[in-house]
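K.L.:
Once you've looked at the hints, dock chain B against the given chain A.
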Amino acid sequence: MTDFNLKKYAGQGQAVALFGTFLPDNIEKYPGVHVLSADMSAAASLSRYIYQNPDKYTEIGIAEQNLVGIASGMASEGFTPIAIAQAAFISMRAFEMNRQYLGYMKNKVILVGLNSGLYLQYFGNTHYCIEDIAILRSIPNMTILSPADAGEAVMALDAALQYDGPSYIRLTGGSQLRTVYNEHCNFAIGKDIVIREGSDICIFATGACVGISVEAANILSKKNGIEAKVVDVHTLKPFDTETVDQARGSLLFVTAEEHSIIGGLGSALSDYTSTKRGFPAIMKIGVQDTFSKPGNYDYLMQQHRLTPELIAEDIFNQIQTL
Amino acid sequence: MTIKKKTELENLSKDIRLDIIKTGYLAGIKGAHFGGCLSIVEILATLYSEFVHYNIKELEYRDRVVLSKGHAALALYCTLYEKGIITKEDLKTFEQDGSDFIAHSKRNIVKGQEFSGGSLSLGLSHAVGVAYACKLKGLANRIYVILGDGELNEGLIWESLMFASHHKLNNLTVIIDHNHLQADGTIEEVMDTAPLKKKLSSFGFDTQEADGHSVEELYLALSHPSDTQPSAIIAETIKGKGISFMEGKAKWHHGDLNELRYNKALKELEGKKYD
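So the protein sequences, as listed, match chains A and B.
Counting in the numbering used here, the final residue of the first sequence is number 322, and the numbers go up one at a time with none missing.
Counting in the numbering used here, the final residue of the second sequence is number 275, and the numbers go up one at a time with none missing.
Bound conformation, chain A alone (with noise of 0.2 Å):
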């Protein structure tokens, strides 16, 4: 695993930090990669990188299940593509070619979801996209990366280009991020990071809704005198379930995703802790499987109570009840 200073991104989005700086910066040490998008290199600062490497990007134009089958065959002749468009659009729209060409055939190709969750803001529930963890997870061999800051999605997009298999990037957050790696991101796939201990309960969360989360137990230990532990899960597939074993011991666990509480983060971890005895009930936060009423991203993050203050009483009513 290489080991990357991330200072230079914090505080930036993700995409700009991928495309924009990361990507251009390093592009020797990643021979084969082609980077293929759905008339989305300006949504995803490629700007630069396609000016100083014209023969190592293809537009597709508006057509993700076109953007996902050229990435196939590309694939399959040894390129490494990174096929990029709107999360909603290239999990939903390209969701039977994700099955068929990367998880069946197995081509290596990195999916980068642009903008997941709410961040679309006055675009509306067309481009929300609160499903993509929910059915990717579904498909056989796909692995699922949803990094909580800039920092942490630079080194989850240098372990999937080293990763001998197809992935799925979801990006999150836009330039309102909280920055959780200042320098520094012990990343592994697969292996969830703890990024603040506590004894009382387990608060498991991925992508924007980490940086949120370490506010809101902040919160909690302040105003509540509850000790939680946060854990980033940046990997949804192949899910982490020693973390989980760790977390045991916990009152309660708590889900906190920009995404449907029907398949996504809050299901995965169901899915293994129904499995065995011992483990505490489990409170999903995210949206409540509903559409969104649209606004800006505080207006929709406080809709589905996804902010650190809402977070804490939520949990602080639910613990009274336990």
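Keep in mind that a hint or two might mislead.
So the derived list for chain B, only partly shown, Cβ under 7 Å to chain A, looks like this [as the list claims (entries may be wrong)]:
#1 Ser-116
#2 Gly-129
#3 Ala-133
It should be emphasised that the hints constitute simulated quantities derived from the structure, not laboratory data.
Beta carbons are placed, not taken as given, at the ideal position from N, Cα and C, and that holds for glycine.
P.N.:
Frame of chain A, contents of chain B only:
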């Protein structure tokens, strides 16, 4: 084309048809996609005899043949068998439990199979990506894709054709098995794709038409791909060609042979001798 060559290819076509019937019969009531397999026999015979370079020691330089019309895999297996790329033992495992040789093929390039087919239109998109990649790598090979005409209903077909034309993939030849039938009836009844030649031309493909059961016409069409654009050949064919009770029948899209029908089919095929 010399008469000798024509006879060779017609005899090969007959042998492939016999293999299809015999292998399909072994599958018993599990049946096979006889109709769509029989319609592409001359296409496969001509391609694999005259155009496809495949050397197991130099696979990187091979011509790639993607059967996007995945349910015709049995025809592909029989052709690969006749060409010594798969063995008789392989062919005998057709439709057996756990076999790689079932109704739809599984990608295995050392056994001549480029793609895991079955979900229509996905083969074309993948093949266009392959053609694009081969061009980037500077290879001098050719990529052939076989499509069904019902398959043209799928939207991904048209996305892929647009990409191929936009990137001037002159190393790509798409062959359409225009047998005018799909599962629910004729293509004219279900989803009319006419005017097909106009559509393909307007999508930037240099398009030719050929009798899909004439090895000479196929040979001619395949010999003249465009230098500047991707090429398409609309091969006029008959679903179930070669077996009288299957020809032109939608219901033989997938069916099973009982002993009576099997013997009738064998008689019809073996009765034809090309000298």
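K.L.:
Could you check if Ser-116 of chain B really has its C-beta closer than 7 Å to a C-beta on chain A?
P.N.:
holds (5 Å)
K.L.:
Given Ala-133 of chain B as an interface hint, is its Cβ closer than 7 Å to any Cβ of chain A?
P.N.:
holds (4 Å)
K.L.:
If you take the shortest Cβ to Cβ gap from Gly-129 of chain B to chain A, is it below 7 Å?
P.N.:
holds (2 Å)
Every hint from the earlier list agrees with this structure, and none is contradicted.
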